[in-house]
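One line per chain: the protein sequences are E and F, in this order.
Those letters in the first sequence? Residues 5 to 296, per my numbering, in order.
Those letters in the second sequence? Residues 2 to 503, per my numbering, in order.
If you are wondering where the hints come from, they were derived from the structure by calculation, not from laboratory data.
Worth double-checking, as some hints may not be accurate.
Straight-line distance between alpha carbons at most 30 Å, and here's what the computed DSS-like set of lysine-lysine pairs gives [as the list claims (entries may be wrong)]:
#, chain 1, residue 1, chain 2, residue 2
1, E, Lys255, E, Lys157
2, E, Lys157, E, Lys229
3, E, Lys84, F, Lys26
4, E, Lys83, F, Lys18
5, F, Lys177, E, Lys80
6, E, Lys229, E, Lys255
7, F, Lys18, E, Lys157
8, E, Lys83, F, Lys26
9, E, Lys80, F, Lys18
10, F, Lys18, E, Lys84
11, F, Lys119, F, Lys18
12, F, Lys26, E, Lys80
With beta-carbon atoms standing in for the labels, derived distance ranges [to be verified]:
#, chain 1, residue 1, chain 2, residue 2, range
13, F, Leu232, E, Arg150, 35 to 43 Å
14, E, Arg150, F, Ser417, 52 to 60 Å
15, E, Arg85, F, Leu232, 23 to 31 Å
16, E, His76, F, Trp346, 19 to 27 Å
17, F, Asp262, E, Gln66, 22 to 30 Å
18, F, Thr224, E, Gln66, 49 to 57 Å
19, F, Ser195, E, Gly53, 32 to 40 Å
A quick note: this is a predicted structure, and the numbers were derived from the prediction, not measured.
We put the beta carbon where it would ideally sit given N, CA and C, even for glycine.
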Amino acid sequence: MQTILLCSDGSDFADGIYRYGAWFSRQFQAQPKVLFVTDIRSQKVVSTGNLSGSIGLGASEQLLNELVDLEHERAKLNKKRARLILQNARQVLETEGLSDIELTNPTGFLVDCFHDFEATADMVVLGRRGEAAEFASGHLGANLDRIVRSSSKPCLVTPKTFTPIERILLAYDGSPAGKRILQFLIDHAAGLKGIEIHLLTVAKSDGESDRNRRLTGALTQAESKLQAADFTTTTSLLTGQPEDVITQYIKQQNINLLMMGAYGHRRIRHLVIGSTTLQLLRSSQIPVLLFR
Amino acid sequence: MNIRKLNARAFNSRTLKREWLLNPKDDLLAGALVGLALIPEAISFSIIAGVDPKVGLYASFIIAVITAFLGGRPASISAATGAMALLMVDLVKDHGLQYLLAATFLTGIFQVLFGIFKLGRQMKFVPRAVMIGYINALAVLLFLAQLPQLTGVPYTVYILVVLSLAIIYILPMFTKVVPSPLVALAVMTIAAISLKLDVPTVGDMGELPTAPPIFALPQVPFTLETLQIILPYSLTLAIVGLLASFLTASLVDDFTDTPSDKNQEAKGQGVANMVTAFFGGMAGCGMIGQSVINVQSGGRGRLSTLSAGVFLLVAILFLQDWVRQMPMAALVAVMIMVSIGTFRWSSFKNIRRVPRSEVIVMLTTMFVIIVTRNFALGVATGIILSTVFFSRKVAKLVFFDKTLSEDGAHRTYNVSGQIFFLSRDEFSASFNFAEPVEQVTINLSNAHIWDQGAVEVLDKTVQKFRRQGVEVTVVGLNEASSTLLNRLSTEEELIAEGQTMG
Numbered sequence: 005m006q007t008i009l010l011c012s013d014g015s016d017f018a019d020g021i022y023r024y025g026a027w028f029s030r031q032f033q034a035q036p037k038v039l040f041v042t043d044i045r046s047q048k049v050v051s052t053g054n055l056s057g058s059i060g061l062g063a064s065e066q067l068l069n070e071l072v073d074l075e076h077e078r079a080k081l082n083k084k085r086a087r088l089i090l091q092n093a094r095q096v097l098e099t100e101g102l103s104d105i106e107l108t109n110p111t112g113f114l115v116d117c118f119h120d121f122e123a124t125a126d127m128v129v130l131g132r133r134g135e136a137a138e139f140a141s142g143h144l145g146a147n148l149d150r151i152v153r154s155s156s157k158p159c160l161v162t163p164k165t166f167t168p169i170e171r172i173l174l175a176y177d178g179s180p181a182g183k184r185i186l187q188f189l190i191d192h193a194a195g196l197k198g199i200e201i202h203l204l205t206v207a208k209s210d211g212e213s214d215r216n217r218r219l220t221g222a223l224t225q226a227e228s229k230l231q232a233a234d235f236t237t238t239t240s241l242l243t244g245q246p247e248d249v250i251t252q253y254i255k256q257q258n259i260n261l262l263m264m265g266a267y268g269h270r271r272i273r274h275l276v277i278g279s280t281t282l283q284l285l286r287s288s289q290i291p292v293l294l295f296r
Numbered sequence: 002m003n004i005r006k007l008n009a010r011a012f013n014s015r016t017l018k019r020e021w022l023l024n025p026k027d028d029l030l031a032g033a034l035v036g037l038a039l040i041p042e043a044i045s046f047s048i049i050a051g052v053d054p055k056v057g058l059y060a061s062f063i064i065a066v067i068t069a070f071l072g073g074r075p076a077s078i079s080a081a082t083g084a085m086a087l088l089m090v091d092l093v094k095d096h097g098l099q100y101l102l103a104a105t106f107l108t109g110i111f112q113v114l115f116g117i118f119k120l121g122r123q124m125k126f127v128p129r130a131v132m133i134g135y136i137n138a139l140a141v142l143l144f145l146a147q148l149p150q151l152t153g154v155p156y157t158v159y160i161l162v163v164l165s166l167a168i169i170y171i172l173p174m175f176t177k178v179v180p181s182p183l184v185a186l187a188v189m190t191i192a193a194i195s196l197k198l199d200v201p202t203v204g205d206m207g208e209l210p211t212a213p214p215i216f217a218l219p220q221v222p223f224t225l226e227t228l229q230i231i232l233p234y235s236l237t238l239a240i241v242g243l244l245a246s247f248l249t250a251s252l253v254d255d256f257t258d259t260p261s262d263k264n265q266e267a268k269g270q271g272v273a274n275m276v277t278a279f280f281g282g283m284a285g286c287g288m289i290g291q292s293v294i295n296v297q298s299g300g301r302g303r304l305s306t307l308s309a310g311v312f313l314l315v316a317i318l319f320l321q322d323w324v325r326q327m328p329m330a331a332l333v334a335v336m337i338m339v340s341i342g343t344f345r346w347s348s349f350k351n352i353r354r355v356p357r358s359e360v361i362v363m364l365t366t367m368f369v370i371i372v373t374r375n376f377a378l379g380v381a382t383g384i385i386l387s388t389v390f391f392s393r394k395v396a397k398l399v400f401f402d403k404t405l406s407e408d409g410a411h412r413t414y415n416v417s418g419q420i421f422f423l424s425r426d427e428f429s430a431s432f433n434f435a436e437p438v439e440q441v442t443i444n445l446s447n448a449h450i451w452d453q454g455a456v457e458v459l460d461k462t463v464q465k466f467r468r469q470g471v472e473v474t475v476v477g478l479n480e481a482s483s484t485l486l487n488r489l490s491t492e493e494e495l496i497a498e499g500q501t502m503g
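Go ahead and model the full structure; you've got the sequences and the hints to work with.
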């Protein structure tokens with residue numbers, strides 16, 4: 005892994021983004037790259053507050069000057085804000101012991117610029133919610149779904165506060181995304197030394213059905229692969245509603261990071277983040293690393 | 002694959018969202034304001050064109066709604082306009098409304114073709130001075146078009162006009178929350194009704210719409226003769242309409258610091274005009290004044306244009322009884338405001354600072370349009386004039402640097418600049434043919450030979466030197482120049498020179 009892209013927006017979540025970004029950068033010896041996009045919308049829609057509907061001599065020149073002045077002020081403030089946010093990012097990352105940091109501040113729309121930056125990164129870190137949604141704690145940010153949906157890189161969705169990662173839960177279902185997570189872990193085994201991996205598969209029903217046999221088989225296979233890569237693993241096959249079981253497991257075992265596929269098994273899986281994934285993103289207080 | 006397709010669609014929906022729903026509240030508000038402001042203008046322009054007010058009102062509604070969806074410039078306002086109305090006067094007078102509708106349809110076709118053939122890019126050939134002359138002429142003509150409403154009328158009309166103007170210009174000094182032109186219209190209408198003033202009203206000028214527009218084909222014979230009548234009008238309308246629309250678009254581009262798609266704008270205008278013709282509306286185009294008002298009031302997206310059109314129709318259908326009794330004097334006052342707002346005052350304020358040739362171009366464009374009432378003719382004159390001025394300036398930028406060898410027998414001319422038909426006189430005047438030298442070198446490394454005229458003058462120069470018994474060599478031709486020389490020169494030595502160079 006070479007680059008980790010930290011998508012910051014200067015909100016309460018930024019600190020979590022930096023700390024987790026720093027943790028992964030240190031573990032994987034990657035360069036953190038902080039991206040703050042100055043939203044062009046806030047700049048472009050300035051209001052003159054003039055509804056008089058009357059136009060006098062030289063009306064268009066006057067209006068143009070007025071708009072230029074307004075946007076000038078707004079843009080200046082935005083630039084200053086961007087500078088402060090990125091400065092703060094650098095500070096946090098430096099206190100975390102990183103030195104090779106890249107800061108970028110394009111102007112536009114995050115969802116549009118994202119692809120250019122994502123293409124050169126190996127992992128993306130973003131906050132669960134952004135500046136637009138600081139209150140309701142059960143909600144997810146407006147950009148989150150779109151970014152996770154369009155990104156081909158692993159996306160780490162972080163909460164506000166950082167807890168060192170000691171135990172990772174891998175919600176494994178034998179799907180291609182699940183296999184990719186396994187591969188990711190094996191590839192980065194050196195960076196994750198000493199971290200416990202909990203492998204969990206949730207079956208919908210008890211008993212000796214075909215499906216359950218297949219799941220058990222996949223699970224043992226995964227376990228042996230991880231053990232071959234020198235991981236300490238705990239494996240369990242539980243029954244119930246996946247989101248409930250996983251949430252409970254996280255609490256009981258004091259898990260610090262959840263890894264899972266971004267999409268469910270439904271036909272429309274390319275359209276939306278899987279419903280289980282969404283539920284977990286909403287309810288869990290730990291970071292979630294999503295794979296597609 | 003699946004995802005890729007989805008992303009493309011998601012991008013489109015994003016553009017859509019950005020152009021439509023960026024600031025819906027302000028867009029709706031600005032649109033409503035513009036829609037109401039369009040009513041008096043549409044009525045005035047109908048009166049200028051010599052048709053019933055409903056023709057302009059229907060046109061404004063349809064053009065605004067269609068350009069909201071298809072136009073290339075979000076937040077610019079298109080509707081029935083003065084520039085177009087002034088061009089239709091004779092057609093309406095001689096042949097009637099139905100021919101105007103047919104001409105409107107043909108105008109739309111021309112504009113769509115312009116859009117398809119990407120003529121929007123050619124707008125760069127219209128110099129700024131011509132554009133300003135065009136705008137100023139439009140302002141003057143709008144003002145002049147109000148004069149018939151002010152001649153041979155009772156003196157109360159003048160009082161109403163002055164009072165309306167006072168409201169329009171003084172009210173914004175106290176509050177910018179209410180649109181002062183609309184306040185003026187409302188106050189004057191109420192005053193005229195309650196005081197039972199005997200002044201001309203909008204109702205006297207013709208029929209107002211009582212229902213939404215209905216589809217109908219223009220009632221004209223589909224013959225070659227009809228085409229002959231409407232073709233010249235349509236072509237002028239198409240060009241002038243696009244000129245005004247592009248002008249409006251680039252103005253809004255400047256205001257909002259965002260780009261627009263000129264070819265899409267041409268197509269949008271074209272479709273709007275084609276559809277308007279079937280609903281009994283006159284041709285229209287982008288409106289500078291209303292677009293300024295729209296942006297000034299906070300309109301930025303397509304929603305503002307759409308809501309302007311919709312509000313216009315709803316308002317006119319609900320308010321028609323009031324609009325009918327609206328005194329023409331108040332309407333005239335609004336139009337005077339529009340013409341004053343359209344006029345580029347700075348073009349006269351800075352007249353001493355602007356290069357003289359550009360002032361001449363601007364004034365000529367303005368003058369030709371005002372006298373002939375033909376915008377296309379004025380703009381064409383302006384473009385030709387600026388081309389002439391420009392080429393004359395370039396022709397003057399030819400520099401000669403002469404050096405004489407120590408023994409005084411060899412003269413070298415170093416020429417730099419553009420040599421073309423206009424530079425002939427300057428070119429030949431710069432050589433001293435009578436000088437007693439044996440050899441002359443003409444160094445053209447920093448010059449470019451552009452056309453037959455330039456080759457001819459070079460030929461003549463060489464000939465003249467040879468008649469004086471001087472050996473001439475031409476050096477340093479660039480490749481394009483020497484190719485041209487090869488093809489056109491009659492002087493053998495020059496050809497040889499060109500070949501060695503090439």
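Status of the hints after comparison with the structure:
1. E:Lys255 - E:Lys157: holds (28 Å)
2. E:Lys157 - E:Lys229: Holds: E:Lys157 and E:Lys229 sit about 22 Å apart, inside 30 Å.
3. E:Lys84 - F:Lys26: holds (28 Å)
4. E:Lys83 - F:Lys18: Holds - the C-alpha atoms of F:Lys18 and E:Lys83 are around 25 Å apart, at most 30 Å.
5. F:Lys177 - E:Lys80: Holds - the C-alpha atoms of E:Lys80 and F:Lys177 are around 27 Å apart, at most 30 Å.
6. E:Lys229 - E:Lys255: Satisfied, since the Cα-Cα distance of roughly 26 Å is no more than 30 Å.
7. F:Lys18 - E:Lys157: holds (27 Å)
8. E:Lys83 - F:Lys26: It holds: about 27 Å lies between the C-alpha atoms, which stays within 30 Å.
9. E:Lys80 - F:Lys18: holds (26 Å)
10. F:Lys18 - E:Lys84: With a Cα-Cα distance of about 28 Å, the restraint between F:Lys18 and E:Lys84 holds, given a limit of 30 Å.
11. F:Lys119 - F:Lys18: Measuring from Cα to Cα gives roughly 26 Å; hence the hint holds.
12. F:Lys26 - E:Lys80: holds (25 Å)
13. F:Leu232 - E:Arg150: 35 to 43 Å: Since F:Leu232 and E:Arg150 have Cβ atoms about 52 Å apart, the given range 35 to 43 Å is violated.
14. E:Arg150 - F:Ser417: 52 to 60 Å: The hinted range 52 to 60 Å holds for E:Arg150 and F:Ser417, with Cβ atoms some 58 Å apart.
15. E:Arg85 - F:Leu232: 23 to 31 Å: Violated, at about 59 Å.
16. E:His76 - F:Trp346: 19 to 27 Å: At roughly 24 Å between Cβ atoms, F:Trp346 and E:His76 fall inside 19 to 27 Å, so the hint holds.
17. F:Asp262 - E:Gln66: 22 to 30 Å: holds (27 Å)
18. F:Thr224 - E:Gln66: 49 to 57 Å: holds (51 Å)
19. F:Ser195 - E:Gly53: 32 to 40 Å: The hinted range 32 to 40 Å holds for F:Ser195 and E:Gly53, with Cβ atoms some 33 Å apart.
Checked against the numbered hints above, the structure violates hints 13 and 15; every other hint is satisfied.
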